[in-house]
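*Asks:* So the protein sequences, as listed, match chains A, B, C and D.
Residue numbers for the first sequence follow our numbering, so the first one is 21 and each next one is one higher.
Residue numbers for the second sequence follow our numbering, so the first one is 21 and each next one is one higher.
Residue numbers for the third sequence follow our numbering, so the first one is 21 and each next one is one higher.
Residue numbers for the fourth sequence follow our numbering, so the first one is 21 and each next one is one higher.
Some clues are possibly wrong.
Claimed, not checked - As a list, the in silico DSBU-like pairs of lysine-lysine whose alpha-carbon atoms are at most 35 Å apart:
no.	chain 1	residue 1	chain 2	residue 2
1	B	Lys392	A	Lys399
2	B	Lys137	B	Lys322
3	A	Lys322	D	Lys137
4	D	Lys392	C	Lys395
5	B	Lys392	A	Lys392
6	B	Lys353	C	Lys64
7	C	Lys392	D	Lys285
8	D	Lys392	C	Lys399
9	C	Lys395	D	Lys207
10	B	Lys285	A	Lys207
11	D	Lys64	A	Lys137
12	D	Lys395	C	Lys207
13	B	Lys64	B	Lys353
14	C	Lys322	A	Lys285
15	B	Lys395	A	Lys392
16	A	Lys285	C	Lys285
17	D	Lys392	A	Lys322
18	D	Lys395	D	Lys137
19	C	Lys133	C	Lys392
20	C	Lys207	D	Lys285
21	B	Lys64	C	Lys322
22	B	Lys395	B	Lys207
23	A	Lys102	D	Lys322
24	B	Lys395	A	Lys207
25	D	Lys322	C	Lys392
26	B	Lys207	A	Lys392
27	A	Lys64	D	Lys207
28	A	Lys392	A	Lys353
29	B	Lys322	B	Lys353
30	C	Lys102	D	Lys285
31	A	Lys64	D	Lys322
32	A	Lys395	B	Lys395
33	D	Lys207	C	Lys285
34	A	Lys392	B	Lys399
As the list claims (entries may be wrong) - Selected chain A positions facing chain C (Cβ under 10 Å, derived; list incomplete):
no.	residue
35	Leu86
36	Thr299
37	Arg301
38	Asp304
39	Arg305
40	Ala307
For the record, the hints were derived by calculation from the structure and aren't laboratory data.
The structure presented is a predicted model; accordingly, all values stated were derived computationally and were not measured.
Positions of the beta carbon are idealized from the N, C-alpha and C atoms, including for glycine.
If you want the building blocks of each chain, they are given just below.
Number of protein chains: 4
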Amino acid sequence: MIGGGGNAMIGPIHLRAALMENDIELVCGCFSRNYQTSLETGQKWHLPQERIYHDYREMMEREAQLPVGERMDFVAVVTPNKVHYEQAALALDMGFDVVLDKPMTFSLEEALKLEEKVRQTGRTLALTHTYSGYPAVKEMKTRIAEGQLGRLRLVYVEYTQGWLSERIELLGGNNAGWRTDPSQTGKGGCVGDIGTHAWHLSEYITGEQVVELCAELSTFVEGRPVDDNAAAFLHFTGGLRGVLHATQVAAGEENRLAIRVYGEKGGFEWHQMEPNTLTIRWADRPAEIVRTGNGYMSPLAKWNTRTPGGHPEGYIEAFANIYRNFVHTVRAKAAGETPRPEYLDFPDVHDGVRGLQFIETMVASGYGEEPKWVKWVEK
Amino acid sequence: MIGGGGNAMIGPIHLRAALMENDIELVCGCFSRNYQTSLETGQKWHLPQERIYHDYREMMEREAQLPVGERMDFVAVVTPNKVHYEQAALALDMGFDVVLDKPMTFSLEEALKLEEKVRQTGRTLALTHTYSGYPAVKEMKTRIAEGQLGRLRLVYVEYTQGWLSERIELLGGNNAGWRTDPSQTGKGGCVGDIGTHAWHLSEYITGEQVVELCAELSTFVEGRPVDDNAAAFLHFTGGLRGVLHATQVAAGEENRLAIRVYGEKGGFEWHQMEPNTLTIRWADRPAEIVRTGNGYMSPLAKWNTRTPGGHPEGYIEAFANIYRNFVHTVRAKAAGETPRPEYLDFPDVHDGVRGLQFIETMVASGYGEEPKWVKWVEK
Amino acid sequence: MIGGGGNAMIGPIHLRAALMENDIELVCGCFSRNYQTSLETGQKWHLPQERIYHDYREMMEREAQLPVGERMDFVAVVTPNKVHYEQAALALDMGFDVVLDKPMTFSLEEALKLEEKVRQTGRTLALTHTYSGYPAVKEMKTRIAEGQLGRLRLVYVEYTQGWLSERIELLGGNNAGWRTDPSQTGKGGCVGDIGTHAWHLSEYITGEQVVELCAELSTFVEGRPVDDNAAAFLHFTGGLRGVLHATQVAAGEENRLAIRVYGEKGGFEWHQMEPNTLTIRWADRPAEIVRTGNGYMSPLAKWNTRTPGGHPEGYIEAFANIYRNFVHTVRAKAAGETPRPEYLDFPDVHDGVRGLQFIETMVASGYGEEPKWVKWVEK
Amino acid sequence: MIGGGGNAMIGPIHLRAALMENDIELVCGCFSRNYQTSLETGQKWHLPQERIYHDYREMMEREAQLPVGERMDFVAVVTPNKVHYEQAALALDMGFDVVLDKPMTFSLEEALKLEEKVRQTGRTLALTHTYSGYPAVKEMKTRIAEGQLGRLRLVYVEYTQGWLSERIELLGGNNAGWRTDPSQTGKGGCVGDIGTHAWHLSEYITGEQVVELCAELSTFVEGRPVDDNAAAFLHFTGGLRGVLHATQVAAGEENRLAIRVYGEKGGFEWHQMEPNTLTIRWADRPAEIVRTGNGYMSPLAKWNTRTPGGHPEGYIEAFANIYRNFVHTVRAKAAGETPRPEYLDFPDVHDGVRGLQFIETMVASGYGEEPKWVKWVEK
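Here chain A stands alone, though its shape is the one from the complex (with noise of 0.2 Å):
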């Protein structure tokens, strides 16, 4: 693992998510700039001193020369959107997958030499869109596939928080400051942040691409040099259109990603904070609510489920989703073989891309005097 030291709050998310299915253990790791910090957090975890490194690219070269078995693997890049692509990108040059914090790159530059690499090397590349993990969503995906809603009309989503309602990155200590630094974050803030989780949901649910969209970035928070609010409308493949908000200075809202998806015969509606839950409402019939670990879920959402009806599952279970999916993709290719359609179901470079084209996409929207569709940004 590169990040995750000292009091990230996404590091020990990854390793809780990885070691779920005990198909990975953790051997290594670079989790601070600070090596103090790396190492403190190497031994909490219980790592041999000589495991922890100083740098990422000590960490490569030492374990590259490990032989196989006990070297490591792949590596989970848990960094500032600064520094992905040089640590990944030298991840896939030496051999190694990887496992990668969205939003994907600093730039769409980078990312699209991401995947430039990956298709190279020809390894496997999981990018963390830990939403698409959950059952729930694997339920809407595979139904809409199926036709049950019909011709899709509407989807309206949402991502609404409210911790950085104050400037709260210049106290330090919090997970704030390089997420509103441009230098950091790159061009999206807000948008960059959440904005690309709602956009992501967005196409994986409907299977639909967005093709232009008209947005509004703005900042609420004085002295930010970032967006923490946005709003699209967003024209998508197949006539389906939408709605998207997101924002990160709604005072007391704590991470509220919702989605809905209407077509003609029906509508679905997933809340991200009660995530087992499904609510389907029919044109002509009483609305349904579906819930994850029942024998009526389709097999997609089946094979992301642990637990039985009512023994809830949350964000890290999701977030396992993606690993464990990554990690039967690694094995497959490894032995040669096509890896089952439901192992390849985790966001990849190919998502990583389209996540940095979106946010080109808004920043080139949403500025400006005047409103102004903006055809999806390729390059």
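Guided by the hints, dock chains B, C and D onto chain A, whose structure is given.
*Replies:* For chains B, C and D alone, kept in the frame of chain A given last:
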């Protein structure tokens, strides 16, 4: 009452709302252009035949000749938009106060003329933006006016229906016909029928006014000559921003009107379909569930509440609040008194004018190749 | 109307419920034993002074002398339990139909006498077990009668309030006084005031009757001379078993009446505080959210519904359903017709007798060192 | 681990829970009495063949001979109740700490013997009353201990399932077999399997203990030799009263464990199926929605939380809290330190004894012609 005969939905609701305080009685009516329908409706409601009229003009003339105390005091107009103006204007001219369904008139031009007529006659006009009659809505208005949320930032308002998912207006025998006929309903379809409610709620609750908007209007159901779907970014006075969406083609949805308002300190959330509950989120402490009928509610909410906590009130009671406040205002004015502020708390001719301006502005912005910010249309 | 003056809670609710269909008008009343209060109440409701009476006997005598069409047709009794019998019995004797608040009488003995009086006079008596008036409740009744749940197994019913958490009856000026005074209210405190509603709902919905029960009655608030808390195991006809609990000392609760019924194939759940939603769980497929006002509802539910889906109805509308069905029954009988089954669907004198039997049985079982199964008390 | 092989539900949950903090690794196991099943399970989890044992006795003997650091430190027992005692007792005798599924043993006699064994060996035993591991449960416990509800009055606790609605135990291949076989499961069916969880939660949260109860046990599914339904009135220390019901035949219910506790000042409500939300109602002000992961939570809840607000945690995380606290306790003891209070916050052998006493008391009260109050059975 003018209109409301046959299988009309809203006429009987008006009647029930009007009767609720035993302060109003139905004394006459012209319930349909078809006299037989009008007669049957009037008889069902126990009117003597001589006060069931063939024609609204006849009704006003004949009623005006009856002695005070016997003749009607005000008229409720529950007809399609097309005829609102002529009916309301005549009533005002003949000395009757008016309760009018929204949108107030067919066009902005008529709305402005009606506003002028109200000013000239000094009579009272109430517009049934019913949803502003709910006590929880009034609680939000009160608390925001008190500054409980601090400086306002965001409003998300939606009105989502599915009943026009198919082109049922061609079937006849339902309320879809005139609503989707531009010669009856005016420039707006969905945007006029329900978009106006969503917009009105956003201004009523926040106390701010839209100054410009960027909209997208669309029609999903083939052949329908008016919009059945709308979305808009809203800029309000005071730096408040909003996202509004309204649709009548979200298959499976009933009457999902919902609003959220966020300020620096927290946010409100209210859903019309569970109207007695108001959720208040705070940046620094647990969210609260504020419920109507409890001792801690504001005086304005209490004034508009009839039952103790846990005894749910609904749509008809919200409607009745408009009638009650209207009647108290009419009485106070008749007695030469200044109506108390809580009596004046009902949508009036100015709300009606702004409603038509909203439709005009949405239409001006919402069509065409390019999106555009359109300043609030004044005339 | 007898009672309902001053700050009474339930009187104005009766009036609003009665008025809702424009089928009933308030023509006279004796609203309080205090004539001044009665007069003020009557004038507020626009009654002429000569029909605001000092005394209910005077009212009945004088009204009986008025010509048909002018005199009152029925009387609503909204007084404390103590005087229900004498008022209702006199009304019946003098040829008036009666609407009566529950519990029907002070004692079972009186209830049986009133039942006999109804039989003798052939008049109609409605008892306001309001909660059975909700359309979702009628939907449950209909579906169970159709066998949708298969053989019934379990019913859980609760009525949880907190308003008597402290001994507020000592403060005066509230509705707690007579309800906690055994000389006014009868043998049951909480068990009579709200326990009867919970019990009634369980029999109304399931179509089964309690045959024996094992109860525990208790008083949490020191010095209170009646029970303020109750729980019971219930055995019904048909092998159905139940658990009922009712309390008025659950601090923080408003008016939480809720029922669940399970059979071999699934179960129903309904909460009075969100009365337009009915959840139906199935053993073998997703749960359904059945909502009032939709086309798929049963004819009985539709007959008791006034608004389309998503326009919430509440307590007053449920109350009004009892009045409406009562009036239709009275009219049909007056016309020499057999009332249609849906007209007869209101709680009547037999429900009232069973209500008093419920109280007697609960009291017989609920006190003493040892718990005991007590057969349903018939007399 | 002993047990957990094949299609067992709870074994993999134990493993995931154990792994979550990277503090525990699976080193050996005897996963089934069928060695082939055991072998396959162990290999799936990457164990070397020599540490997949034929028999739990063999496992303990062979592991005990391995050097410290290599051998297993503790054993997780996830077998049917019948064999809990012999397996756990042997482990304790051989110097291993134990994690044990509930109910702790087949009989109260065994439970008392196990308690004695723990006392003698000084080892640590954790019992997986998983539901007490949720942070919201710990928040309730903390706040009640602080007196926030004032004197406690009422607890309503239920555990409602539907999976045994039909006699699926006859089909084989599921987890219903031993649970409904008295020779495997002990005296209680539903009352032991899930009733114990409900009871445990009621004592854990309130800090009070049941002193007597009056129960009714019943069997709805014909031919089933154990109870599948239970209800009880509970009397606790401190004057607290309760109603408990548990069933496995409520067709359509998943895993509905819910508890409400009321005191003089307000009440708590928590539903296991949405475990991150705790509703707190207050007598004199709006209810609060307390959500895990927020800054305002108590230290005990925070210690048992892994994700920030709005990132849901579930059943596996609750389970993992028991493992984590158990491990911290074991380590502290091994280091000769006094475990911190939050480490000791897991169900232990005393909870296990009380659990068997609960079953005995329920069985002693719950059958027979006459209901009876039965004092808590001590032996």
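*Asks:* Please go over all the hints and tell whether each is borne out by the structure.
*Replies:* Verification of the supplied hints:
no. : hint                 : result
1   : B:Lys392 to A:Lys399 : holds, 26 Å
2   : B:Lys137 to B:Lys322 : holds, 33 Å
3   : A:Lys322 to D:Lys137 : violated, 42 Å
4   : D:Lys392 to C:Lys395 : holds, 16 Å
5   : B:Lys392 to A:Lys392 : holds, 7 Å
6   : B:Lys353 to C:Lys64  : holds, 19 Å
7   : C:Lys392 to D:Lys285 : holds, 32 Å
8   : D:Lys392 to C:Lys399 : holds, 26 Å
9   : C:Lys395 to D:Lys207 : holds, 30 Å
10  : B:Lys285 to A:Lys207 : holds, 28 Å
11  : D:Lys64 to A:Lys137  : holds, 33 Å
12  : D:Lys395 to C:Lys207 : holds, 30 Å
13  : B:Lys64 to B:Lys353  : holds, 33 Å
14  : C:Lys322 to A:Lys285 : holds, 24 Å
15  : B:Lys395 to A:Lys392 : holds, 16 Å
16  : A:Lys285 to C:Lys285 : holds, 27 Å
17  : D:Lys392 to A:Lys322 : violated, 46 Å
18  : D:Lys395 to D:Lys137 : holds, 26 Å
19  : C:Lys133 to C:Lys392 : holds, 29 Å
20  : C:Lys207 to D:Lys285 : holds, 28 Å
21  : B:Lys64 to C:Lys322  : holds, 19 Å
22  : B:Lys395 to B:Lys207 : holds, 18 Å
23  : A:Lys102 to D:Lys322 : holds, 32 Å
24  : B:Lys395 to A:Lys207 : holds, 30 Å
25  : D:Lys322 to C:Lys392 : violated, 46 Å
26  : B:Lys207 to A:Lys392 : holds, 24 Å
27  : A:Lys64 to D:Lys207  : violated, 45 Å
28  : A:Lys392 to A:Lys353 : violated, 44 Å
29  : B:Lys322 to B:Lys353 : holds, 23 Å
30  : C:Lys102 to D:Lys285 : holds, 32 Å
31  : A:Lys64 to D:Lys322  : holds, 19 Å
32  : A:Lys395 to B:Lys395 : holds, 26 Å
33  : D:Lys207 to C:Lys285 : holds, 28 Å
34  : A:Lys392 to B:Lys399 : holds, 26 Å
35  : Leu86                : violated, 50 Å
36  : Thr299               : holds, 7 Å
37  : Arg301               : holds, 8 Å
38  : Asp304               : holds, 8 Å
39  : Arg305               : holds, 6 Å
40  : Ala307               : holds, 4 Å
Violated hints, listed in ascending order, are 3, 17, 25, 27, 28 and 35; each of the other numbered hints is respected by the structure.
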